[in-house]
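Number of protein chains: 4
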Amino acid sequence: MRFFSDNAAPVCPQVLEALTEANVLDTAYDGDAWSKALDARFSELFETRVHALWVPTGTAANALALAALCPPYGGVICHRDSHIQNDECGAPEFYTHGAKLMLVDGPQAKLAPDAIDALLGTIRDDVHQVQPHAISITNATEYGCVYTPEEVAAIGALARKHELGLHMDGARFANAVATLGCTPADLTWRAGVDMLSFGFVKNGGMSAEALICFRSEFATSSLYRRKRAGLLLSKGRYLAAQLLAMLDDDLWLANGAAANAGAQLLATAAGDRLVYPVEANEVFLRLSKEEAAGLREQGFDFYDWAEGEARLVTSWDQSEAEIKPLADAIAVLG
Amino acid sequence: MRFFSDNAAPVCPQVLEALTEANVLDTAYDGDAWSKALDARFSELFETRVHALWVPTGTAANALALAALCPPYGGVICHRDSHIQNDECGAPEFYTHGAKLMLVDGPQAKLAPDAIDALLGTIRDDVHQVQPHAISITNATEYGCVYTPEEVAAIGALARKHELGLHMDGARFANAVATLGCTPADLTWRAGVDMLSFGFVKNGGMSAEALICFRSEFATSSLYRRKRAGLLLSKGRYLAAQLLAMLDDDLWLANGAAANAGAQLLATAAGDRLVYPVEANEVFLRLSKEEAAGLREQGFDFYDWAEGEARLVTSWDQSEAEIKPLADAIAVLG
Amino acid sequence: MRFFSDNAAPVCPQVLEALTEANVLDTAYDGDAWSKALDARFSELFETRVHALWVPTGTAANALALAALCPPYGGVICHRDSHIQNDECGAPEFYTHGAKLMLVDGPQAKLAPDAIDALLGTIRDDVHQVQPHAISITNATEYGCVYTPEEVAAIGALARKHELGLHMDGARFANAVATLGCTPADLTWRAGVDMLSFGFVKNGGMSAEALICFRSEFATSSLYRRKRAGLLLSKGRYLAAQLLAMLDDDLWLANGAAANAGAQLLATAAGDRLVYPVEANEVFLRLSKEEAAGLREQGFDFYDWAEGEARLVTSWDQSEAEIKPLADAIAVLG
Amino acid sequence: MRFFSDNAAPVCPQVLEALTEANVLDTAYDGDAWSKALDARFSELFETRVHALWVPTGTAANALALAALCPPYGGVICHRDSHIQNDECGAPEFYTHGAKLMLVDGPQAKLAPDAIDALLGTIRDDVHQVQPHAISITNATEYGCVYTPEEVAAIGALARKHELGLHMDGARFANAVATLGCTPADLTWRAGVDMLSFGFVKNGGMSAEALICFRSEFATSSLYRRKRAGLLLSKGRYLAAQLLAMLDDDLWLANGAAANAGAQLLATAAGDRLVYPVEANEVFLRLSKEEAAGLREQGFDFYDWAEGEARLVTSWDQSEAEIKPLADAIAVLG
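Chains as they are written, first to last, in the numbering used here: chain A, 108 to 441; chain B, 108 to 441; chain C, 108 to 441; chain D, 108 to 441.
Hints in this document: simulated from the structure, not taken from any laboratory. Quick caveat, the model's predicted, so the values are computed rather than measured. No false leads were slipped in.
Same chains, same names: a pair is fine if it fits in one copy or spans any two.
As a list, the in silico DMTMM-like pairs of lysine to aspartate or glutamate whose alpha-carbon atoms are at most 20 Å apart:
id: 1; residue 1: K143; residue 2: D355
id: 2; residue 1: K431; residue 2: E398
id: 3; residue 1: K431; residue 2: D408
id: 4; residue 1: K143; residue 2: D233
id: 5; residue 1: K268; residue 2: E258
id: 6; residue 1: K143; residue 2: D232
id: 7; residue 1: K268; residue 2: D232
id: 8; residue 1: K143; residue 2: E154
id: 9; residue 1: K143; residue 2: D133
id: 10; residue 1: K143; residue 2: E324
id: 11; residue 1: K396; residue 2: D408
Can you build the whole structure from these sequences, using the hints too?
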């Protein structure tokens with residue numbers, strides 16, 4: 108049983124079905140009926156007028172967002188353990204044309220306003236130093252923790268004060284919303300977020316993520332950048348259809364909640380072994396080499412993380428029955 | 108009936124089926140069984156060792172290829188009417204970090220060796236002028252014409268002489284091979300091609316094209332550039348599966364031939380109205396405004412091209428019965 | 108006697124003297140008294156508030172200007188024979204991060220409004236095509252001809268209508284102003300120019316050109332880009348001092364007029380041989396191979412240009428006595 | 108008396124004189140006699156065949172070197188306190204087209220092989236993470252300390268083992284060589300350095316630094332990149348002449364030694380207050396706010412550095428008599 112990554116999970120039946128339904132003749136690129144419906148559907152979800160662009164990866168969504176918010180000669184403040192810094196092979200630098208990521212530490216892979224303030228205090232306001240133009244936060248974070256709407260709003264206020272754009276990497280946005288029980292609006296634009304990478308692939312989608320632009324001036328340039336990056340698929344209806352299927356009946360939220368529930372089963376079993384609070388679908392726990400080997404012998408697969416730590420990721424399709432054996436095996440370790 | 112674009116056509120049943128079959132748990136990105144099979148399967152097709160990378164668009168394939176062949180301070184020789192110059196919103200400039208496209212004219216959107224030579228003759232060999240590093244040709248061309256293996260080889264020889272890389276934009280490679288009856292090998296690496304954008308989406312695929320690297324040094328850098336560009340989908344098996352399905356039983360070639368056959372029906376009907384020889388699945392014909400309006404009234408949709416010209420594109424899924432009405436309507440115009 | 112290039116000429120005594128005077132302790136970069144005086148001095152010259160940045164080359168000035176006016180995904184309309192297209196090794200593409208130069212033809216290397224309009228008419232307003240964001244004109248042009256204030260204003264009006272920025276490459280701005288007898292203001296911002304590369308090096312300077320920003324929003328980003336490009340010399344006072352010396356007593360204008368006068372001597376001698384009207388310090392004339400060889404035998408050096416054409420460039424330091432021998436030798440050819 | 112920066116110092120008389128001597132007609136750009144002499148003169152100094160390119164700033168030299176050594180998708184290992192990271196407004200990212208600086212800590216702003224090794228150990232060898240392609244060290248360092256030839260060689264060996272290029276930022280190379288008493292060759296290519304930014308401006312020059320390429324493949328691309336960056340001054344002879352004047356009679360070394368001697372005077376006075384060993388022309392010392400204010404009242408100018416620290420920089424032109432008052436004032440503080 109694999110607890111490696113939510114990317115390994117299969118695609119949700121509703122998404123697959125949507126592909127079949129979209130398999131008719133229509134206009135190329137994003138001129139089709141499905142793509143044209145996105146702005147309205149996401150605007151409804153977010154209770155405000157947004158522009159929604161499908162893109163094939165979260166990396167693309169993140170990089171496009173940062174390119175909209177930060178000029179080539181600027182900087183983006185982010186966590187030292189963020190995906191944009193460590194796992195995207197320099198995509199932010201590519202899309203922004205060389206902006207600098209400015210790294211901040213903080214527990215749970217979260218940025219705290221005072222840590223951002225401290226970084227800002229070290230930057231001389233002259234042309235010799237790269238000046239920050241944006242902040243990027245990840246919700247849920249790399250360590251499966253969430254920012255509350257209030258926490259985001261505190262960062263949003265700081266961003267406004269310093270005239271910085273605010274991006275949210277929401278690869279696991281659904282998991283965060285499911286945990287928090289808040290509205291998508293409260294967690295984003297009402298808290299000052301300008302651009303959101305809204306993830307669907309880890310959550311049951313196949314190949315479509317959404318870049319949500321809460322300010323229309325960023326949407327226009329992003330449309331050109333998307334094409335210029337080779338991200339404008341010629342049969343876009345198959346991406347748009349996935350997103351629409353995920354929005355129908357709030358499937359995205361149900362899937363996020365399902366994955367979270369699986370993680371809670373494991374968290375309960377792990378008890379004191381937990382490295383971070385489990386607030387999404389990732390469980391980081393202390394595990395000795397021998398313990399890890401023992402679990403693997405029983406057929407459970409997962410990543411080693413830091414020395415003496417392991418990461419378990421649950422996904423939308425794992426039932427309690429599928430997860431329970433691992434939970435039991437962990438509980439047995441004591 | 109739409110004759111706008113082969114991008115508007117639906118996806119082939121075999122491809123859809125392959126998606127369903129791939130809908131199981133596997134490793135993320137390109138670590139899955141399908142993705143890992145690509146090099147071998149394409150190597151077999153091309154009768155030599157190649158590296159094959161799936162990408163979601165032809166624009167991405169083209170831009171990655173050019174980035175591998177040309178440094179930021181170099182130039183790429185291409186036709187004035189090429190897709191990379193006119194229809195990719197500057198993707199080559201983005202991926203190469205600012206290389207210059209050097210435009211050459213020629214009938215049928217084809218580059219002739221002497222036209223390339225003439226351009227080369229105008230470039231001073233000093234640091235003030237951008238120096239060419241690559242040639243890019245399109246086969247079949249923007250105007251539905253083909254380069255024969257001999258024609259490609261003549262350009263390949265010129266490329267070698269001047270130490271230029273050679274890229275082929277094969278968005279309609281299947282159509283070209285189907286028309287020429289040659290092997291894929293003869294039309295590419297045996298003729299000096301270094302990188303091929305092998306198109307599948309216009310030919311019945313959904314969202315996967317192949318970047319074929321005939322020299323391994325270009326594959327390595329392309330793997331990093333693909334990730335960095337946000338093109339490495341996290342569930343890559345759904346792209347690889349499409350490509351494998353298209354290779355099975357040479358579906359790609361059958362689809363290309365089917366689209367070509369439809370174009371021949373139209374070409375025969377068009378007779379003297381043809382602007383270019385019809386050698387793939389595109390038909391350019393002279394059509395007055397009134398004639399075009401008349402055809403549209405009968406329910407046929409297509410693009411106006413230059414003044415007094417129209418473009419008709421046929422696709423893999425159109426039967427003779429579906430095309431005949433348009434052929435007849437054209438024949439009636441006289 | 109060399110008529111190759113005004114870059115080959117020595118530096119004006121006033122400029123050399125200014126270097127010696129600046130050879131004292133002062134603040135680094137552009138914090139010194141000389142650099143700080145530039146905005147005011149150029150504002151006076153241009154009769155409006157401008158920002159003036161020293162840079163070491165005209166290529167740098169041009170590229171910085173274009174980067175301010177055009178986003179990476181945009182295009183810059185310019186003449187096919189412009190310096191930015193042919194002689195800067197892709198500097199505009201480097202600084203703009205891959206914008207596309209959109210080439211227009213026209214006699215005397217001048218852009219005419221209707222030729223620009225014709226180009227604009229060919230560009231589809233969709234994300235597949237690079238959209239123009241700026242126009243760049245050269246005054247005096249590559250062929251030694253000038254745009255009048257009215258001609259610039261016509262282009263400026265077109266630029267405003269289409270929301271395009273307007274840049275003037277003024278490598279030989281002094282020569283143009285000297286010929287036209289107009290004010291610098293009339294030839295630039297009053298005619299709609301947003302950014303001017305004001306050349307001094309060809310006109311007696313050593314290593315300092317000025318980038319003039321007529322709109323302050325462009326100045327701010329240019330200050331960062333200048334540093335980021337390694338163009339912010341650490342002892343900037345030596346560049347600023349050159350510019351100030353050239354402005355003193357309108358030395359720049361006197362030098363431009365002197366070079367122009369030399370060219371007129373040659374133009375008169377050349378008569379019907381002239382390829383273009385001589386309106387600055389360049390003379391293009393028809394010259395057979397034998398005639399060219401004959402002149403070279405007499406000790407005159409110059410560039411061959413197109414087949415059967417030669418280019419003669421005069422500079423600020425050449426007296427009538429120095430030029431007359433060549434004028435006489437040309438006149439003798441008949 | 109200013110102890111702010113060696114950039115504030117005036118230009119050496121020999122350099123000024125060289126400018127006057129170069130003030131004759133010659134070929135433009137780097138085609139003149141002075142520029143052409145550089146390769147040979149620097150090859151002699153370095154006891155091996157090198158290519159030497161003049162550039163107007165150290166930032167430009169550094170950025171060109173990194174662009175030659177590292178592809179856009181790669182990384183450059185450097186010290187957290189290095190100039191390329193903190194003081195060049197992202198020039199490395201601009202010239203490399205978005206490579207990532209990978210920061211390492213270490214005392215005295217020096218990189219130690221084991222610290223580099225530790226960083227390398229954290230990078231997964233997959234396409235998701237930026238892979239390092241080069242190491243950049245600064246000698247003398249930002250804190251006025253030097254790497255010995257043996258220390259450089261240890262890093263050079265590590266670089267070779269991991270197939271990384273090695274760049275040395277030698278803004279104060281002269282100061283380092285003067286302190287070490289070694290040959291320039293021993294401190295560079297014999298220790299594995301591929302590219303050197305050889306600084307002259309802080310050391311008495313006006314506007315010319317040298318980029319030294321120890322491997323010819325890097326020189327070719329750098330020539331194009333220099334032009335493309337707008338760094339190829341049209342009257343290059345005035346830069347080349349400065350460098351030649353500095354090489355004559357080892358003026359560069361004498362100037363470096365002179366500045367070092369001044370720093371030693373201050374170091375002796377500072378005694379236990381020193382934060383770092385004084386091995387070049389910079390002195391970092393502990394100084395309370397009150398003490399700093401006291402010194403400033405006496406007419407000494409300098410930068411505050413970290414909390415409770417100050418930086419004093421001496422330059423080539425300061426005699427013992429000029430420095431002694433400050434040394435005495437510091438000694439008095441006890």
